[in-house]
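Participant: Take a look at the letters that make up each chain.
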Amino acid sequence: MISTFRPTHLLACLALSTPMLASANPILDGYKAEIKGSFAAAAGEKLYKTVGPNQLSCASCHTDSPKNAGKHAKTNKAIDPLAPSANPKRFTDAAQVEKWFKRNCNDALGRACTTQEKGDFMTYVLSVK
Amino acid sequence: MKLIQSLLMLLLAACALGAQAKYNGEDRGKPVMPSENNAKMQAECSGCHMAYPAGLLPAASWKKLMAGLDKHFGTDASLSPQDTKEITDYLVKYASNRWTSSAAPLRITEGEWFKNKHDSSEINPSIWKRESVKSPGNCSACHQGAERGDFNEDRIRIPQ
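Same order as they appear, the protein sequences are chains A and B. Just so you know, the first sequence maps onto residues 251 to 379 in our numbering. Just so you know, the second sequence maps onto residues 1167 to 1326 in our numbering.
Next comes chain B alone, as it looks inside the complex (with noise of 0.2 Å):
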């Protein structure tokens, strides 16, 4: 009876923590875009990329990528100590608030949400390479609206 009872208990703890853990723990945040916008961060990141929202990352991952931008995924992209702490300060703030993993990777597209939305079956790796597509950085090339937030499933266009 005691055997069955700890079972029990034990499938119990596994069902909240997997319902806890959704994508082993690396979720993104929700809302993705944050309710306050940050000038600084959106005219610094979008001069190379678009400017990712804060909610795609945890707080960890974050600081690592903020502490590294003179080496940022093979570029140059250092700012004035002032603006990379203000930048810092404000993607930590609103930084993803479901992961609740360990694993802080610097690649949005390392995150396990991410991979478990793009996978190959749902996306043929092809399209990746596409010109108008380029990489899996490139989000606003079939999610048109990502800019402002809208990674909607159904507004979703894929270019040729």
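If we strip away everything but chain A, and leave its shape as in the complex, we get (with noise of 0.2 Å):
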């Protein structure tokens, strides 16, 4: 992966020095845009290990914490963390973003999700140290 410089980077390196702006991710304020309100962690966690129709949660991919290293459920295929605590390249490409959130909110929800949703699932991701 060729690695670019892009001025998100220096968003990133200005959030790490200043604690207050340590969730600001272009994606998330995108969604808080969309929704006009705001999003809560809980929420989002509770998202996070919802068991839907198919006996599936987020958690059966990306295990107990979005820190660690999962494995698909079916393939075995091993997933690099979700947190970008943990894996800095999480949620910097909206298109792979709405891509995942399309495909995983149908098998492990049996839905779409909401802009709601998806706020309040990367506000928690994003919060996990």
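If you are wondering where the hints come from, they were derived from the structure by calculation, not from laboratory data. Everything hinted at is true.
DSBU-like, lysine-lysine: derived pairs with alpha carbons at most 35 Å apart:
1. B/LYS1206 x A/LYS317
2. B/LYS1237 x A/LYS324
3. B/LYS1237 x A/LYS299
4. B/LYS1283 x B/LYS1259
5. B/LYS1196 x A/LYS349
The following residues of chain B were derived to be distant from chain A, with all beta-carbon distances above 12 Å:
6. LYS1188
7. ASP1255
8. ARG1321
If the Cβ cut is set under 10 Å, some of the chain B residues that face chain A in the computed set are:
9. SER1212
10. HIS1215
11. ASP1236
12. GLY1240
13. ALA1243
14. LEU1245
15. SER1246
Glycine included, every Cβ here is placed at the ideal spot set by N, Cα and C.
Build the complex: two chains, separate frames, hints provided.
Facilitator: What follows is the structure in structure tokens.
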């Protein structure tokens, strides 16, 4: 993977040095602008652990903590940690994020996720240190 | 005399057909790994499982499979229309070149060549169920070089 300099990297550096901005993420900001409300990590954590109609939850593949490396429930394929604190590449590409929300909400919950849910989920995963 | 002649012809034809139709016409391509890689195919398929070489299925299988990614063996594996097209084109181009049957299974494990190579006299069915193997789709559990297209029998190691 070729790493290019992006303004978001600069933002990330700023965020690291300024605790107030610790959760700044442009994708999350986009969701926030859509709902014109706020997100809660607790709601995101609940969603992460919700077992849906297919007897699957996020935790089925991503383990009990988004900080851990996971394993695909069906194929055994290794999955890199979901939490940016353990894997900084996560939640940096909007198309990837949308692709996986579409797939995984369908698989784990049997339906699409709302913007509120995506924001809550991201708020939780971003908060895991 | 005429009868013998036509019988002989029939026999010859049957032999030719038999030689042609190894594994009932459901044979993997050669070479298994295409010389040309597709980065998108590698990245997207391996998001969930090994990026299986295109030569393990016929073109008709890949077309069907790629048209139903939103219901991919019970999982939503949908891609953007552009990515779907690019990957389909690649898989179709490098699909098995030795598959003559009209059968177009969605699972690599349903092809005759696969069943023949992995039958129960070779591999005890309980091996597939081991936690370290999990499913016949997990090639690299036993074929350590599978990701590089190396399925050589001499380099198989069945894990405990």
